[in-house]
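Visitor: Residue strings, one per chain:
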Amino acid sequence: MVKHALRLVVLAYLLFLLILPVGLIAWRTFKDGPGPFLDALSTPSALHAFQVTFVVAGWAVVLNTAFGVPAALLLARHRFPGRRLLNALIDVPLAVSPVVVGLALILVYGAFSPAGGWLESHGVQIIFSTPGMVLATVFVCLPLVVRAIVPVLEEMGDEQEQAARTLGAGGWQTFRRITLPAIRSALGYGIVLSLARALGEYGAVAVVSGRVVDETQTLTLFVEERFENFDVQASYAAALSLAALAVVSLLATRLLRPEDGK
Amino acid sequence: MNEATVKEKPVAAGAGRSLLSGRGGTALGVGMATVFLSAVVLIPLAAVVWKGASQGPGGFWDAITAPDAWAALKLTVGASLVVALVNLVMGTLIAWVLVRDSFPGKGVLDLLIDLPFALPTIVAGLVLLTLYGTDSPVGVTLVYTRAAVVVALLFVTLPFVVRTVQPVLLELDREMEQAAASLGAGPSTIFRRIILPNLIPAMLTGTALAFARAVAEFGSVVLISGNVPFKTQVAAVHVFGRIESDDTAAAAAISTALLVLSLLILLAIDLLGRWGARRG
Amino acid sequence: MAIEIRDVNKSFGEAAVLRDVSVDIASGSLTALLGPSGGGKSTLLRVVAGLERPDSGRVMISGRDATRLPPQRRGVGFVFQHYAAFKHLTVFENVAFGLKIRKRPKAEIRRRVGELLDLVHLDRFAARYPAQLSGGQRQRMALARALAVDPEVLLLDEPFGALDAQVRRELRTWLRRLHDEVHVTTVFVTHDQEEAIEVADTIVVLADGAVQQAGTPGDVYDNPASPFVMRFLGPVTELGGRLLRPHDVEISGEPGPGTTPAVVTRVVRLGFEVRVEFRVRESGDEHDAWAQLTREAAGRLPAGPGGGIHVRPALRAATVPAGHARPAPQHGPDVPDRVST
Numbered sequence: 001m002v003k004h005a006l007r008l009v010v011l012a013y014l015l016f017l018l019i020l021p022v023g024l025i026a027w028r029t030f031k032d033g034p035g036p037f038l039d040a041l042s043t044p045s046a047l048h049a050f051q052v053t054f055v056v057a058g059w060a061v062v063l064n065t066a067f068g069v070p071a072a073l074l075l076a077r078h079r080f081p082g083r084r085l086l087n088a089l090i091d092v093p094l095a096v097s098p099v100v101v102g103l104a105l106i107l108v109y110g111a112f113s114p115a116g117g118w119l120e121s122h123g124v125q126i127i128f129s130t131p132g133m134v135l136a137t138v139f140v141c142l143p144l145v146v147r148a149i150v151p152v153l154e155e156m157g158d159e160q161e162q163a164a165r166t167l168g169a170g171g172w173q174t175f176r177r178i179t180l181p182a183i184r185s186a187l188g189y190g191i192v193l194s195l196a197r198a199l200g201e202y203g204a205v206a207v208v209s210g211r212v213v214d215e216t217q218t219l220t221l222f223v224e225e226r227f228e229n230f231d232v233q234a235s236y237a238a239a240l241s242l243a244a245l246a247v248v249s250l251l252a253t254r255l256l257r258p259e260d261g262k
Numbered sequence: 001m002n003e004a005t006v007k008e009k010p011v012a013a014g015a016g017r018s019l020l021s022g023r024g025g026t027a028l029g030v031g032m033a034t035v036f037l038s039a040v041v042l043i044p045l046a047a048v049v050w051k052g053a054s055q056g057p058g059g060f061w062d063a064i065t066a067p068d069a070w071a072a073l074k075l076t077v078g079a080s081l082v083v084a085l086v087n088l089v090m091g092t093l094i095a096w097v098l099v100r101d102s103f104p105g106k107g108v109l110d111l112l113i114d115l116p117f118a119l120p121t122i123v124a125g126l127v128l129l130t131l132y133g134t135d136s137p138v139g140v141t142l143v144y145t146r147a148a149v150v151v152a153l154l155f156v157t158l159p160f161v162v163r164t165v166q167p168v169l170l171e172l173d174r175e176m177e178q179a180a181a182s183l184g185a186g187p188s189t190i191f192r193r194i195i196l197p198n199l200i201p202a203m204l205t206g207t208a209l210a211f212a213r214a215v216a217e218f219g220s221v222v223l224i225s226g227n228v229p230f231k232t233q234v235a236a237v238h239v240f241g242r243i244e245s246d247d248t249a250a251a252a253a254i255s256t257a258l259l260v261l262s263l264l265i266l267l268a269i270d271l272l273g274r275w276g277a278r279r280g
Numbered sequence: 001m002a003i004e005i006r007d008v009n010k011s012f013g014e015a016a017v018l019r020d021v022s023v024d025i026a027s028g029s030l031t032a033l034l035g036p037s038g039g040g041k042s043t044l045l046r047v048v049a050g051l052e053r054p055d056s057g058r059v060m061i062s063g064r065d066a067t068r069l070p071p072q073r074r075g076v077g078f079v080f081q082h083y084a085a086f087k088h089l090t091v092f093e094n095v096a097f098g099l100k101i102r103k104r105p106k107a108e109i110r111r112r113v114g115e116l117l118d119l120v121h122l123d124r125f126a127a128r129y130p131a132q133l134s135g136g137q138r139q140r141m142a143l144a145r146a147l148a149v150d151p152e153v154l155l156l157d158e159p160f161g162a163l164d165a166q167v168r169r170e171l172r173t174w175l176r177r178l179h180d181e182v183h184v185t186t187v188f189v190t191h192d193q194e195e196a197i198e199v200a201d202t203i204v205v206l207a208d209g210a211v212q213q214a215g216t217p218g219d220v221y222d223n224p225a226s227p228f229v230m231r232f233l234g235p236v237t238e239l240g241g242r243l244l245r246p247h248d249v250e251i252s253g254e255p256g257p258g259t260t261p262a263v264v265t266r267v268v269r270l271g272f273e274v275r276v277e278f279r280v281r282e283s284g285d286e287h288d289a290w291a292q293l294t295r296e297a298a299g300r301l302p303a304g305p306g307g308g309i310h311v312r313p314a315l316r317a318a319t320v321p322a323g324h325a326r327p328a329p330q331h332g333p334d335v336p337d338r339v340s341t
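Protein chains in written order, with the working numbering: chain W, 1 to 262; chain G, 1 to 280; chain Z, 1 to 341.
Honestly, the hints are just simulated from the structure, not real lab data.
Mixed in with the good hints, there may be bad ones.
With the Cβ distance kept under 7 Å, some of the chain W side facing chain G (calculated, not the full set) [as the list claims (entries may be wrong)]:
# : residue
1 : LEU20
2 : PHE67
3 : PRO70
Yeah, the Cβ is synthetic: ideal placement off N, Cα and C, and Gly gets one too.
Sequences are here, hints too, so could you generate the full structure?
Guide: This is how it looks when you write it as structure tokens:
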């Protein structure tokens with residue numbers, strides 16, 4: 001029967017592309033029990049990589065949310081010249097190669113550029129340092145919060161907000177008491193997506209960080225560096241931690257996704 | 001992932017009734033958004049194009065047609081086309097099975113489809129390398145071949161077509177199919193004449209998204225492709241090498257080529273979206 | 001008979017939707033399947049179309065056993081409540097669909113579709129997409145599409161259910177006229193008794209998955225087989241333990257044979273009709289009832305609000321005992337041919 005044939009083809013495709021590879025790495029990591037896994041992750045380099053990763057991802061998510069919420073309000077609630085352009089520009093990072101992102105930031109904020117040189121002379125180092133990595137991560141996550149919120153804002157319309165205004169609420173009160181509760185789960189969805197993307201970013205961070213072990217090495221860079229240096233156990237352990245974070249965020253997005261969450 | 005663009009919806013005149021209220025609020029908001037976007041996205045990307053063009057059109061052309069760069073670009077576009085086509089077929093098939101079929105474990109499978117979006121690309125590469133590396137447990141060694149590049153790209157682009165086609169298929173009016181059946185159409189005719197035409201805009205949009213992602217991909221390819229120039233080195237990896245060897249001018253030129261390609265695809269997706277909306 | 005439905009049963013899970021349903025539908029008739037929502041009428045229509053398979057029982061279409069036939073081979077035209085328009089095809093292509101499937105010559109398709117679009121007054125919209133049509137236009141397109149393949153029977157599932165009241169009334173009259181022109185055996189599902197009475201020449205009342213009564217609109221209205229049918233077909237009031245139509249209540253100032261004393265509580269003028277509400281005292285029991293009078297009759301009303309009157313059912317009034325769920329004996333000049341099982 002056609003139905004069963006289709007099901008079989010799909011299952012085989014997903015088995016060899018998705019399920020087997022991910023399952024195999026989990027098995028390889030844990031085949032000698034959890035001991036080696038924990039050992040590999042408790043070396044100073046690994047711990048440092050965890051720390052760098054969370055610092056960079058945390059800052060990126062904060063900045064991205066601080067930009068994303070007002071930008072979404074602008075797009076959904078305001079008409080102004082250049083609105084379509086802003087709308088289009090927000091999606092641009094989706095189509096830019098992470099390596100190009102890194103190159104772009106180096107060209108502007110690197111020590112040999114005018115802006116980067118000026119900042120460096122004032123003691124601010126962007127490239128090969130945390131700010132550059134944060135910038136790169138913000139770049140790749142940029143659309144995620146905006147795109148999560150805008151549809152919900154449009155769906156809810158502005159009548160409730162207008163009603164709040166007629167009842168005497170100010171701009172901030174209206175936002176906090178009416179708008180924010182309505183977009184809460186969508187905002188959570190966007191933040192989780194951003195966080196997952198930020199924790200896992202590799203290409204852009206690889207370019208701007210300089211990949212200095214124990215200094216600017218994030219977990220994804222750690223995975224690659226350990227693998228290249230034949231420390232497969234550490235590489236697998238870090239990769240599996242990242243995969244676990246990915247699965248957790250996946251489950252979280254399922255719970256928060258606007259259309260299912262209500 | 002939410003790739004939808006903002007729909008035009010009328011808003012009452014003088015509509016600034018949110019956090020950024022009033023005309024002044026709009027201006028302030030637009031100003032801040034512009035500054036932020038400029039600092040993070042626009043100026044850096046402009047710098048890439050500027051740097052790429054700094055040696056004139058001749059220099060730009062020489063940089064992207066340097067034998068190794070040209071080979072990398074050709075491989076990238078070629079592999080991405082293959083990946084887009086496979087996604088067009090397999091993505092639609094997966095969406096079909098997820099919507100119309102039912103079997104134990106379907107819910108988990110549906111959840112797993114998003115894993116490539118959530119999994120860091122370097123982890124994706126490592127995972128594939130474990131299965132298709134030199135000591136492949138399934139006896140398929142792809143590492144350092146072009147096939148490996150294609151497999152890595154297939155992995156990271158898996159969700160695009162599935163997730164664009166699935167909602168359309170879910171919302172497809174089953175009564176259209178029943179109406180066609182009562183008018184004498186058999187199952188294959190119904191698929192060809194009723195279902196497929198309604199899915200095509202979503203299928204093409206998903207395919208274009210997958211193509212755009214494949215062209216830009218870096219992390220998942222790094223480990224498994226071996227980055228052999230003229231053979232398995234894709235454009236993003238090539239650019240990375242140029243940056244590492246401080247040849248930023250050439251890196252910027254090739255990046256500009258990639259950027260132009262990406263923008264063309266974004267434009268195509270936008271047009272496809274409008275086409276779909278016009279018929280919907 | 002165009003359609004013979006015999007002992008059809010159908011359940012969805014635990015819920016029995018059709019229970020031993022048998023209905024005959026005469027060739028060339030325009031039949032309404034009338035009933036409350038959830039009564040099984042749409043399911044019965046879908047069983048006839050082959051869109052649902054009955055658990056047991058048989059469906060014959062034009063004398064042929066169609067029970068096991070797929071919808072493609074039943075020769076039925078089906079019109080859906082929400083039109084089921086092919087969104088990606090123009091109006092012309094929608095109507096031409098069935099003919100293209102049958103590989104008819106291009107010229108014939110063009111001629112036939114042209115005729116049908118004329119018939120449904122959509123000739124000027126042939127090149128439009130369904131999204132560019134109004135609800136009523138889409139429904140007429142769906143009708144033309146179903147008629148294009150010369151179906152032996154035309155089935156319409158709540159055809160006007162999604163339209164607003166004004167368009168509904170227009171399309172109702174139009175469907176009646178269309179049927180007089182085309183003569184194809186037509187069955188439509190509706191929950192609106194006014195629609196059924198106005199359009200159909202036969203009404204089958206379905207409730208709780210069973211046929212309650214079948215007959216001409218006049219039969220079903222004047223000789224309801226049960227309190228349920230009586231209540232469903234029109235307004236009712238209660239007098240002397242029986243249900244009757246409010247326009248069958250006679251009011252006089254003096255007591256007479258069979259009258260009951262009552263006190264007028266309210267008189268409401270609703271344009272051409274007058275609604276008289278009163279309180280009846282009978283055998284120690286008191287309850288409210290009402291009568292529907294013409295303005296002329298209301299002018300002869302013996303008393304205003306607060307005044308005493310005497311009421312009784314009119315001669316030949318259709319009545320059924322109140323408060324019994326079972327079909328009751330008939331009270332009327334003739335007994336309707338019942339298919340109820």
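Visitor: Taking the hints in turn, state whether each one holds.
Guide: Here is how each hint holds up against the structure:
About 6 Å separates the beta-carbon of LEU20/W from the nearest beta-carbon of chain G, less than 7 Å, and the hint is met. With a least beta-carbon distance of about 5 Å to chain G, the hint placing PHE67/W at the interface is held under the 7 Å criterion. With 7 Å as the threshold, the beta carbon of PRO70/W comes within range of chain G, its nearest partner Cβ sitting at about 6 Å, so the hint holds.
The structure meets every hint from the earlier list without exception.
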